[in-house]
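Enquirer: As a plain string of letters, each chain reads:
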Amino acid sequence: MGDNNNLPPGFRFCPTDEELVVHFLRRKDDLLPYHPDIIPDLDVYPYNPWDLQGKALSEGNKWYYYSRKMQNRVSDSGYWKQMGMDEPIMSSSCRKIVGIKKYYVFHIGDPSNDVWTSWIMHEYRLPDSGSSSKSTSRKRGNPKLDYSKRVICKVFEQRNDDDDGDNDTELSCLDEVFLSMDDLDEISLPN
Amino acid sequence: MNISVNGQSRVPPGFRFHPTEEELLQYYLQKKVANEKIDLDVILEVDLNKLEPWDIQERCKIGSTPQNDWYFFSHKDKKYPTGTRTNRATAAGFWKATGRDKVIYSNSKRIGMRKTLVFYKGRAPHGQKSDWIMHEYRLDEITNINNNNNINDTHHCMKVTSVRSSGGDLVQEEGWVVCRVFKKKNHLKTLEINPINKTSSISLESHSSSISMLDSPCDHLHHLGHDRDRDHDHDHDDQGALEQIFQIMGAKSQNNNNNNITTKSSSQNQFERYMKLPNLESPNNNNSSTLLVASYYQTENDLVSMAKTETTDPNNHDTVFNTEAAGLMSDWATLDRLVATHLNSTQTTTTDTIMHYHEHDHDPLPPLRSSSSTSSSGDHKIYHTTLDNENEMIDHLWSFATTARTTSPSISLGIDPLCHVSDNGI
Chain A
1 MGDNNNLPPG FRFCPTDEEL VVHFLRRKDD LLPYHPDIIP DLDVYPYNPW DLQGKALSEG
61 NKWYYYSRKM QNRVSDSGYW KQMGMDEPIM SSSCRKIVGI KKYYVFHIGD PSNDVWTSWI
121 MHEYRLPDSG SSSKSTSRKR GNPKLDYSKR VICKVFEQRN DDDDGDNDTE LSCLDEVFLS
181 MDDLDEISLP N
Chain B
1 MNISVNGQSR VPPGFRFHPT EEELLQYYLQ KKVANEKIDL DVILEVDLNK LEPWDIQERC
61 KIGSTPQNDW YFFSHKDKKY PTGTRTNRAT AAGFWKATGR DKVIYSNSKR IGMRKTLVFY
121 KGRAPHGQKS DWIMHEYRLD EITNINNNNN INDTHHCMKV TSVRSSGGDL VQEEGWVVCR
181 VFKKKNHLKT LEINPINKTS SISLESHSSS ISMLDSPCDH LHHLGHDRDR DHDHDHDDQG
241 ALEQIFQIMG AKSQNNNNNN ITTKSSSQNQ FERYMKLPNL ESPNNNNSST LLVASYYQTE
301 NDLVSMAKTE TTDPNNHDTV FNTEAAGLMS DWATLDRLVA THLNSTQTTT TDTIMHYHEH
361 DHDPLPPLRS SSSTSSSGDH KIYHTTLDNE NEMIDHLWSF ATTARTTSPS ISLGIDPLCH
421 VSDNGI
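Those protein sequences? They're chains A and B, same order as listed. Reading the first sequence from the start, the letters are residues 1 to 191 in full-length UniProt numbering. Reading the second sequence from the start, the letters are residues 1 to 426 in full-length UniProt numbering.
Check each hint, because a few of them may be wrong.
FRET-style restraints, in silico, Cβ to Cβ [unchecked claim]: (1) A:27 to B:55: 50 to 58 angstroms; (2) B:105 to A:50: 48 to 56 angstroms; (3) B:55 to A:94: 41 to 49 angstroms; (4) B:54 to A:54: 39 to 47 angstroms; (5) B:54 to A:51: 43 to 51 angstroms; (6) A:37 to B:59: 29 to 37 angstroms; (7) A:94 to B:107: 41 to 49 angstroms; (8) A:159 to B:103: 22 to 30 angstroms.
Cut-off 20 angstroms, straight-line C-alpha distance, at most; resulting in silico cross-link-like pairs (SDA-like, lysine to any residue) [unchecked claim]: (9) B:96 to A:178; (10) B:37 to B:22; (11) A:62 to B:20; (12) A:101 to A:85; (13) B:183 to A:57; (14) B:115 to A:179; (15) A:101 to A:57; (16) B:96 to A:170; (17) B:183 to B:11; (18) B:185 to A:128; (19) B:185 to A:170; (20) B:96 to A:182; (21) B:109 to B:22; (22) A:62 to A:157; (23) B:31 to A:157; (24) B:102 to A:85; (25) B:183 to B:99; (26) B:96 to A:174; (27) B:61 to A:157; (28) A:101 to A:17; (29) B:121 to A:182; (30) B:185 to A:16; (31) B:102 to A:172; (32) B:102 to A:149.
None of these hints come from the bench; they were simulated from the model. Where is the CB? At the ideal position from N, CA and C, for every residue including glycine.
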């Protein structure tokens with residue numbers, strides 16, 4: 001994806017949480033123009049995580065799409081179960097909360113009889129207080145739509161071995177061993 | 001095209017330059033070597049000798065997204081006109097190659113090589129290792145030309161037009177490399193994935209070298225003291241690190257003892273004690289590092305006592321003991337390394353405590369003879385009376401070590417390999 005941006009090879013869509021909220025969610029919410037408009041809006045349609053390919057923006061093994069805040073996210077094969085607490089997303093420039101992040105795990109079946117999977121969702125929404133009044137004042141187009149409930153979902157399958165993605169900036173196991181052997185060179189052995 | 005126009009980045013928000021090794025070699029370096037225009041100046045040309053690693057992130061910044069890695073082209077210059085060695089020294093230090101070069105494949109075809117280098121502050125051979133790592137990629141001269149035909153096969157390089165330059169040009173420009181610089185992260189993640197491999201590969205070399213179990217962590221603490229600018233990402237990992245170390249030790253010692261039920265259970269008890277060690281980062285605890293060091297002593301002694309328990313079988317007294325001692329030796333070297341790397345990658349608030357000790361103790365660190373040398377009879381109750389009081393251990397750590405040295409090293413039935421620094425040689 002991202003071909004329409006005319007970026008040379010090597011650029012990947014790897015937004016920070018803050019970028020997702022401030023640049024994509026906030027601006028779309030405020031009906032401000034933003035670039036690049038690459039994240040599709042899947043609304044409330046309950047896709048299974050493995051059905052997102054081709055529908056959501058995919059980058060590496062992650063999928064991004066706009067959705068709405070929902071009480072229950074239920075698809076035909078399972079449901080997203082919340083785990084952990086809501087996590088505030090802080091702005092890096094000023095110490096203020098710019099968004100809220102929620103974590104979900106996809107479970108196959110229904111809550112009475114389910115199997116959890118390794119599919120994870122991060123749901124990003126704007127902070128509840130303050131922002132709603134501010135954004136309604138700007139919504140001159142269609143005030144009936146409740147844009148404050150728009151969210152961005154990032155879905156990915158958790159893998160044990162992080163074989164793609166960021167591991168280029170990690171040393172391999174072997175490199176670590178070589179590195180520690182370099183230390184030995186500098187310790188002179190007593191004779 | 002310039003990456004930023006009027007201070008405005010041309011890279012849209014959310015995008016990060018994170019090329020694969022293939023893209024680096026087959027798109028960027030290929031074009032650089034062939035002197036072709038690259039659409040966007042994402043990778044700048046730098047003079048490695050004039051750029052310190054900590055200036056790289058400002059110099060090689062791409063867009064507004066936070067970066068963990070930085071890229072540049074560099075032209076390799078020879079250190080000596082006749083030699084093949086490359087000069088990679090800067091004003092503040094030098095880049096030193098480590099390990100072995102890695103072959104980079106694309107569609108199972110060899111396209112280039114990757115060299116890993118570490119930045120050392122100071123001048124060789126007394127440089128001080130830093131966390132700055134560089135991957136230096138170079139093209140294979142032959143594949144340079146041959147691969148042009150199948151470049152279009154790879155989806156990453158759709159935009160590459162065929163490289164028109166002749167082979168002669170390539171040879172002339174063969175000094176170009178593309179580099180990725182990043183800061184080493186805590187390697188515990190790797191450990192989690194495969195603790196056994198890590199342990200065994202380290203212990204391979206540790207047999208041949210005697211490392212002081214005290215010297216290495218202390219060195220690293222000193223090193224830390226000079227290195228205030230490191231990041232603080234790993235704070236929460238400390239507890240985990242210790243636990244991992246103990247797990248590995250526990251697993252290892254259980255292996256050693258799996259045919260001796262009584263020793264096994266006693267070793268479990270002993271390890272449980274260390275699980276209660278305070279968190280290294282806990283702000284109220286100023287001497288937790290000392291505790292850690294103290295636990296070295298303790299643990300070693302416990303291991304010795306375990307080894308001794310093993311020897312209660314009178315029939316094969318010597319053989320059992322020796323193998324045990326050798327096995328433990330490798331465990332200790334491994335532990336040293338683990339703790340050393342761990343300390344190295346974490347800036348603890350307790351650094352000063354250790355350095356303080358060091359400054360006031362002008363004697364070289366007392367060689368660490370295991371306190372077992374105080375006992376020739378193999379009666380391990382002695383250790384427990386010495387060791388049960390943790391506070392005493394902390395307060396009298398150094399005097400304890402000295403005492404351990406001065407007491408006659410009368411024991412000679414195979415404990416020697418356990419003495420990590422031995423002034424009478426091993």
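Enquirer: With reference to the structure, classify each hint as holding or not holding.
Expert: Here's how the hints hold up against the structure:
For the hinted restraint 50 to 58 angstroms between residue 27 (chain A) and residue 55 (chain B), the CB-CB distance of approximately 34 angstroms leaves it violated. Taking 48 to 56 angstroms as the suggested C-beta distance range, the pair residue 105 (chain B) and residue 50 (chain A) does not conform, at roughly 30 angstroms. Between residue 55 (chain B) and residue 94 (chain A) the beta carbon distance is about 27 angstroms. The supplied range of 41 to 49 angstroms is therefore violated. With their beta carbons about 44 angstroms apart, residue 54 (chain B) and residue 54 (chain A) fall inside the hinted range of 39 to 47 angstroms.
For residue 54 (chain B) paired with residue 51 (chain A), a C-beta distance near 46 angstroms keeps the hint of 43 to 51 angstroms intact. At about 32 angstroms, the beta-carbon gap between residue 37 (chain A) and residue 59 (chain B) stays in the expected band of 29 to 37 angstroms. Between residue 94 (chain A) and residue 107 (chain B) the CB atoms are about 48 angstroms apart, so this pair conforms to the stated range of 41 to 49 angstroms. For residue 159 (chain A) paired with residue 103 (chain B), a C-beta distance near 25 angstroms keeps the hint of 22 to 30 angstroms intact.
Our distance criterion of 20 angstroms between C-alpha atoms is met by residue 96 (chain B) and residue 178 (chain A), whose separation comes to about 12 angstroms. Our distance criterion of 20 angstroms between C-alpha atoms is met by residue 37 (chain B) and residue 22 (chain B), whose separation comes to about 18 angstroms. For the hint linking residue 62 (chain A) to residue 20 (chain B), the alpha-carbon distance of about 17 angstroms falls within 20 angstroms, and the restraint holds. Annotation: proposed proximity of residue 101 (chain A) to residue 85 (chain A) holds, straight-line Cα distance about 9 angstroms (limit 20 angstroms).
Distance hint between residue 183 (chain B) and residue 57 (chain A) is unfulfilled; the C-alpha atoms sit about 30 angstroms from each other, more than 20 angstroms. Restraint check for residue 115 (chain B) and residue 179 (chain A): the C-alpha separation of about 13 angstroms stays at or below 20 angstroms, so the hint holds. A hinted pair counts as satisfied when its Cα atoms are at most 20 angstroms apart, and residue 101 (chain A) with residue 57 (chain A) qualifies at roughly 19 angstroms. For the suggested pair residue 96 (chain B) and residue 170 (chain A), the alpha carbons sit about 18 angstroms apart, so the restraint of at most 20 angstroms is met.
Restraint check for residue 183 (chain B) and residue 11 (chain B): not satisfied, since their Cα atoms lie roughly 23 angstroms apart, outside the 20 angstroms limit. Under the criterion of a C-alpha separation no larger than 20 angstroms, the hint pairing residue 185 (chain B) with residue 128 (chain A) is inconsistent with the structure, at around 36 angstroms. Restraint check for residue 185 (chain B) and residue 170 (chain A): the C-alpha separation of about 7 angstroms stays at or below 20 angstroms, so the hint holds. A threshold of 20 angstroms between alpha carbons decides the hint, and for residue 96 (chain B) with residue 182 (chain A) the separation of about 10 angstroms falls inside it, so the pair holds.
The straight-line distance between the Cα atoms of residue 109 (chain B) and residue 22 (chain B) is roughly 11 angstroms, inside the 20 angstroms bound, and the hint therefore holds. This hinted pair checks out: residue 62 (chain A) and residue 157 (chain A) have alpha carbons roughly 8 angstroms apart, not beyond 20 angstroms. Between residue 31 (chain B) and residue 157 (chain A), the direct Cα distance comes to roughly 36 angstroms. Violation of the 20 angstroms bound is thereby established for this hinted pair. Annotation: proposed proximity of residue 102 (chain B) to residue 85 (chain A) is violated, straight-line Cα distance about 43 angstroms (limit 20 angstroms).
Annotation: proposed proximity of residue 183 (chain B) to residue 99 (chain B) holds, straight-line Cα distance about 17 angstroms (limit 20 angstroms). Among the hinted pairs, residue 96 (chain B) with residue 174 (chain A) is consistent with the structure: their alpha-carbon atoms are about 17 angstroms apart, no more than 20 angstroms. Taking the CA atoms of residue 61 (chain B) and residue 157 (chain A), the gap is near 30 angstroms; set against the 20 angstroms cutoff, the hint is violated. Between residue 101 (chain A) and residue 17 (chain A), the direct Cα distance comes to roughly 8 angstroms. Compliance with the 20 angstroms bound is thereby established for this hinted pair.
Annotation: proposed proximity of residue 121 (chain B) to residue 182 (chain A) holds, straight-line Cα distance about 15 angstroms (limit 20 angstroms). Distance check on the hinted pair: residue 185 (chain B) and residue 16 (chain A) sit about 19 angstroms apart at the alpha-carbon level, within 20 angstroms; holds. Between residue 102 (chain B) and residue 172 (chain A), the direct Cα distance comes to roughly 11 angstroms. Compliance with the 20 angstroms bound is thereby established for this hinted pair. Simply put, residue 102 (chain B) and residue 149 (chain A) have alpha-carbon atoms about 50 angstroms apart, too far for the 20 angstroms limit, and the pair is violated.
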